[in-house]
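Whenever a hint applies, use it, and build me the whole structure from the sequences.
In order, the protein sequences belong to chains A and B.
If you're matching positions, the first sequence starts at 1 in the numbering used here and goes up one per residue.
If you're matching positions, the second sequence starts at 475 in the numbering used here and goes up one per residue.
Hints listed in this document are in silico derivations from the structure and should not be mistaken for laboratory results.
A portion of the hints provided could be inaccurate.
Think about it this way: if two alpha-carbon atoms lie no more than 25 Å apart in a straight line, the pair counts; the simulated DMTMM-like pairs of lysine to aspartate or glutamate are [to be verified]:
#: 1; chain 1: B; residue 1: K695; chain 2: B; residue 2: E874
#: 2; chain 1: B; residue 1: K714; chain 2: A; residue 2: D398
#: 3; chain 1: B; residue 1: K837; chain 2: A; residue 2: D17
#: 4; chain 1: A; residue 1: K363; chain 2: A; residue 2: E298
#: 5; chain 1: A; residue 1: K456; chain 2: A; residue 2: E222
#: 6; chain 1: A; residue 1: K364; chain 2: B; residue 2: D753
#: 7; chain 1: A; residue 1: K456; chain 2: B; residue 2: D753
#: 8; chain 1: B; residue 1: K762; chain 2: A; residue 2: E328
Stretch-level coverage of chain B by chain A, calculated; a stretch enters the list once three of its residues show a Cβ under 8 Å from a Cβ in chain A [claimed, not checked]:
#: 9; stretch: 706 to 717
#: 10; stretch: 766 to 775
#: 11; stretch: 790 to 797
#: 12; stretch: 842 to 854
#: 13; stretch: 858 to 870
#: 14; stretch: 971 to 977
Note that CB positions come from ideal geometry on N, CA and C, so glycine has one too.
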Amino acid sequence: MSSHYEAPIRKPLIIGDKNYHDVTVDVAAPVEGRANKQWWIAFSIALAAFLWGVACVSYTVGTGIGTWGSNKTIGWAWDITNFVWWVGIGHAGTLISAVLLLFRQKWRMAINRSAEAMTIFSVIQAAMFPVFHMGRPWLAYWVMPIPNQFGSLWVNFNSPLLWDVFAISTYLSVSLVFWWTGLLPDFAMLRDRAITPFTKKVYSILSFGWSGRAKDWQRFEEVSLVLAGLATPLVLSVHTIVSFDFATSVIPGWHTTILPPYFVAGAIFSGFAMVNTLLIIMRKLSNLEAYITIQHIELMNIIIMITGSIVGIAYITELFVAWYSGVEYEQYAFLNRATGPYWWSYALMMTCNVISPQVMWFKKIRTSIYVSFVISIVVNIGMWFERFVIIVTSLHRDYLPSSWTMFQPTFVDAGFFIGTIGFFFVLFLLYSRSFPVIAQAEVKSIMKTSSETYKKLREQGGHDNHSHSENNHH
Amino acid sequence: MYTFSSRLKTIALVLMVLGILGIGYSFFTAPKTVEDVEKILAADSHHGGGHADAAHHEPAAHDAHAATTEETHAPAAEAAHDTAHAHAVAATETAHGEHDTVHTEAAVAAHDDHGTAEAAHADAHAAHGEEAHDAHAEHQHHLEHVLGQLQNKPWSAVYVAALFFMLISLGALAFYAIQNAAQAGWSPVLFRVMEGVSSYLIPGAIIVFLILVAGTMDLHKIFIWMDKDVVAEDHLIQAKSGYLNKVFFLIRAAIFMGGWILYRQYARKNSLAQDDATDNSFYKKNFKASAGFLVFFIVTESIMSWDWIMSVDPHWYSTLFGWYVFASFFVSGITVIAMITLYLKSLGHLEYVNTSHIHDLAKFMFGISVFWTYLWFSQFMLIWYADIPEEIVYFKMRIENYNLPFFGMVAMNFVFPVLILINTDFKRLSWIVVMAGIVILCGHYIDFFNMIMPATVGDQWFIGAGEIGAILFFLGLFIFVVFTALTKAPLLAKRNPLIEESKHFHY
Numbered sequence: 001m002s003s004h005y006e007a008p009i010r011k012p013l014i015i016g017d018k019n020y021h022d023v024t025v026d027v028a029a030p031v032e033g034r035a036n037k038q039w040w041i042a043f044s045i046a047l048a049a050f051l052w053g054v055a056c057v058s059y060t061v062g063t064g065i066g067t068w069g070s071n072k073t074i075g076w077a078w079d080i081t082n083f084v085w086w087v088g089i090g091h092a093g094t095l096i097s098a099v100l101l102l103f104r105q106k107w108r109m110a111i112n113r114s115a116e117a118m119t120i121f122s123v124i125q126a127a128m129f130p131v132f133h134m135g136r137p138w139l140a141y142w143v144m145p146i147p148n149q150f151g152s153l154w155v156n157f158n159s160p161l162l163w164d165v166f167a168i169s170t171y172l173s174v175s176l177v178f179w180w181t182g183l184l185p186d187f188a189m190l191r192d193r194a195i196t197p198f199t200k201k202v203y204s205i206l207s208f209g210w211s212g213r214a215k216d217w218q219r220f221e222e223v224s225l226v227l228a229g230l231a232t233p234l235v236l237s238v239h240t241i242v243s244f245d246f247a248t249s250v251i252p253g254w255h256t257t258i259l260p261p262y263f264v265a266g267a268i269f270s271g272f273a274m275v276n277t278l279l280i281i282m283r284k285l286s287n288l289e290a291y292i293t294i295q296h297i298e299l300m301n302i303i304i305m306i307t308g309s310i311v312g313i314a315y316i317t318e319l320f321v322a323w324y325s326g327v328e329y330e331q332y333a334f335l336n337r338a339t340g341p342y343w344w345s346y347a348l349m350m351t352c353n354v355i356s357p358q359v360m361w362f363k364k365i366r367t368s369i370y371v372s373f374v375i376s377i378v379v380n381i382g383m384w385f386e387r388f389v390i391i392v393t394s395l396h397r398d399y400l401p402s403s404w405t406m407f408q409p410t411f412v413d414a415g416f417f418i419g420t421i422g423f424f425f426v427l428f429l430l431y432s433r434s435f436p437v438i439a440q441a442e443v444k445s446i447m448k449t450s451s452e453t454y455k456k457l458r459e460q461g462g463h464d465n466h467s468h469s470e471n472n473h474h
Numbered sequence: 475m476y477t478f479s480s481r482l483k484t485i486a487l488v489l490m491v492l493g494i495l496g497i498g499y500s501f502f503t504a505p506k507t508v509e510d511v512e513k514i515l516a517a518d519s520h521h522g523g524g525h526a527d528a529a530h531h532e533p534a535a536h537d538a539h540a541a542t543t544e545e546t547h548a549p550a551a552e553a554a555h556d557t558a559h560a561h562a563v564a565a566t567e568t569a570h571g572e573h574d575t576v577h578t579e580a581a582v583a584a585h586d587d588h589g590t591a592e593a594a595h596a597d598a599h600a601a602h603g604e605e606a607h608d609a610h611a612e613h614q615h616h617l618e619h620v621l622g623q624l625q626n627k628p629w630s631a632v633y634v635a636a637l638f639f640m641l642i643s644l645g646a647l648a649f650y651a652i653q654n655a656a657q658a659g660w661s662p663v664l665f666r667v668m669e670g671v672s673s674y675l676i677p678g679a680i681i682v683f684l685i686l687v688a689g690t691m692d693l694h695k696i697f698i699w700m701d702k703d704v705v706a707e708d709h710l711i712q713a714k715s716g717y718l719n720k721v722f723f724l725i726r727a728a729i730f731m732g733g734w735i736l737y738r739q740y741a742r743k744n745s746l747a748q749d750d751a752t753d754n755s756f757y758k759k760n761f762k763a764s765a766g767f768l769v770f771f772i773v774t775e776s777i778m779s780w781d782w783i784m785s786v787d788p789h790w791y792s793t794l795f796g797w798y799v800f801a802s803f804f805v806s807g808i809t810v811i812a813m814i815t816l817y818l819k820s821l822g823h824l825e826y827v828n829t830s831h832i833h834d835l836a837k838f839m840f841g842i843s844v845f846w847t848y849l850w851f852s853q854f855m856l857i858w859y860a861d862i863p864e865e866i867v868y869f870k871m872r873i874e875n876y877n878l879p880f881f882g883m884v885a886m887n888f889v890f891p892v893l894i895l896i897n898t899d900f901k902r903l904s905w906i907v908v909m910a911g912i913v914i915l916c917g918h919y920i921d922f923f924n925m926i927m928p929a930t931v932g933d934q935w936f937i938g939a940g941e942i943g944a945i946l947f948f949l950g951l952f953i954f955v956v957f958t959a960l961t962k963a964p965l966l967a968k969r970n971p972l973i974e975e976s977k978h979f980h981y
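The structure is reproduced here in structure tokens:
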């Protein structure tokens, strides 16, 4: 796939004196060991938050949507904000596993597994909002085009909310298949190392009888490439369709053509920030610092910086075109964002999303783990507010001043959101103790080109490659 | 070292000469007076109805005159009757003739003061009544309008081609900067080709700049907002004059072009210096300059597209527009890199370029074609879906009067390259890549044609001597400049720290 020669300016991706066996042991350790006290504390907190979310959702479904802070003007608020936020976070996983695969970025290998897990868990969170923000969620199956006894009453395919159904369900399915395919060799590794009959049984089932023959590997590679090729347009189209929920409307502040690519850029931005948050903790707690190195964090920071700048350009474009359009409603929508009653959320969004990633231009900052961690959280707060600003400030003041109003969330709104955060961490914590969190088969494939050990060996070998090519030259 | 073959040089010169002849012919044959226009329209009248008829429709004509042929009368008139908004719409697209400004005036006034469609409608009619109670005057106005369009035609033809070739060069430069900033290991053997393609940026930008200057000197009417008489009557353009004014417009253009050229020259200089260097300092300089350029580029590219392309329709706006334009010329730039690489390779000049490099370029052609389509569709669909009158005119005009180019380019820029370039083996075959490349380049020329022409020549468009001449002239100039630049330095960047990876690249 890639060249046999690697330029000396490339820094090692696996640091320390690691061999193939070390990789196996390091990756398997968290799965084979027992959870410590910290894990149980974190898990309990996440579970409590999750259960609180379940209670809030039950209350909503039982009592009615009126328990939320939404009103007649602002029919969408936290529900859709959280939905878009979670979908956005999910995008980085596919980006890392698919887009970085297409661009042959070797550094993706240490982070793709966890990024994809993050995708799947956050899409699950996202998918709950479209169901439970319905007034009658028990009729949710009506969104599916199923032949029925109402004279085959059909859905209207013109609504982006219906496209959402297809986008999200396809996205979840494809991501799951992509993730699981990649897991087969790693589950097989755990199966082969299992000591107890129970774990042996479990990982035998999960690994689908993977035996690692040449033909299997060849097809495995091909499937990964095809899925990456499919997942890339999918990831763009999913968040594009989410953006269509707003952009197809005629609401000032919503109806703007830049939303599709700008939502996608924002999704990558927030998704990478979340990956950074999770991996900075994980590399420490699971002792994976040799694989998830400072360079990985730096590269993720660079992507955050690039997508943050793209988002910044989009903000400025929207502002400029609002003025340029000469449409007073559009102009007011942006004036209201900047100076209206929700100015603070707009200011927060601008600070977190436009200014904070710009600090990554300084190498000192982007290679600092602490700063990266803080910025990654700041970005996720900013991106939550971006969705809140787009949704609520556009709705609360639009065409008719007599319909202007405010939005105040209730504890149920908050409870549902907290519940999804809890559920996400329940899933992620369980994952980190039962799944191989690094794709060891992939990491082993770059051992000879990109590990510190081999790079040193090559240097001592006296620039074999170089002299070879010099000979070629003459 | 590559030497510019005399045969290719001759071809380039012949193209330029033919191009100048075509351009000259189109300027020479453009109508000078309304009498000329009357003759042209009379010759065209077999289109059904005939124009003279329309001009004498007593009550209806004053609405219908916005459209210039019988085919477009019905929709335009319908739109004009609907609401005051729609009235503004009909005017927006054809606002290039002075007589249309009354539409805008009336509609804008109605929009501000009355709000209800009926009131605005009546208002617009009243305003019209004063202006055009005489059908003959009406007809005269129409002829002047068409005269303006036909006089714009040769200028627009030159502008579209000049812009297209300059942006190809800029697209290649952006690709080069990305390759540098991303520390790509596959592409350094192609750097000299990319530098060659970007060398056209200097003459290309100067020519585009001169055309913009010609606009500010009222030599042509591509940018209708530069016309004092139009602006005086048009509240919408007046509101934009803080941005759309001649001085600021030229300053912006100068800064953008200056910045791009500066990076191009600086990167080229460092790239050559790195060949004989003893360390990687020039490489590092280029790395930093490329990152800086990309930031400058993303900002200036957006603004450039509003200035030089979007502002030809000064009433219309779209936030996506800048990125859409970017995708169009970016894929064209990559395509040209691939085609020139294949040409040089076929002459035996690029020793280390193998089918894997071509494969990668073809993948970019494929991927960015899909990306262009994504942006095209997003912009089109969102405006079509919401159907807001101020925005929809843009596509309404194009679908009604430019139907084949408008949808044909989607086939050329998306369907064809996607179908042919999805196959891995095909992406390694020179003739497939060249064939796909030709279709992509023609398709994106039409994309730019569709962006400019509807606003400047309206339904008077056709691809004739002026358009083809302009393409040939700039193609000849492009070949001449690029291949001259390619002779100036060895075609392999010698001491780039990633060059060995690139030489050994296999996919």
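Do the hints match the structure? See the list:
no., hint, in the structure
1, B:K695 x B:E874, "holds (23 Å)"
2, B:K714 x A:D398, "holds (23 Å)"
3, B:K837 x A:D17, "violated (37 Å)"
4, A:K363 x A:E298, "holds (8 Å)"
5, A:K456 x A:E222, "violated (32 Å)"
6, A:K364 x B:D753, "holds (24 Å)"
7, A:K456 x B:D753, "holds (21 Å)"
8, B:K762 x A:E328, "violated (42 Å)"
9, 706 to 717, "holds (count 4)"
10, 766 to 775, "holds (count 3)"
11, 790 to 797, "holds (count 7)"
12, 842 to 854, "holds (count 5)"
13, 858 to 870, "holds (count 4)"
14, 971 to 977, "holds (count 5)"
Figure legend: structure checked against the earlier numbered hints; hints not met, in rising order: 3, 5 and 8.
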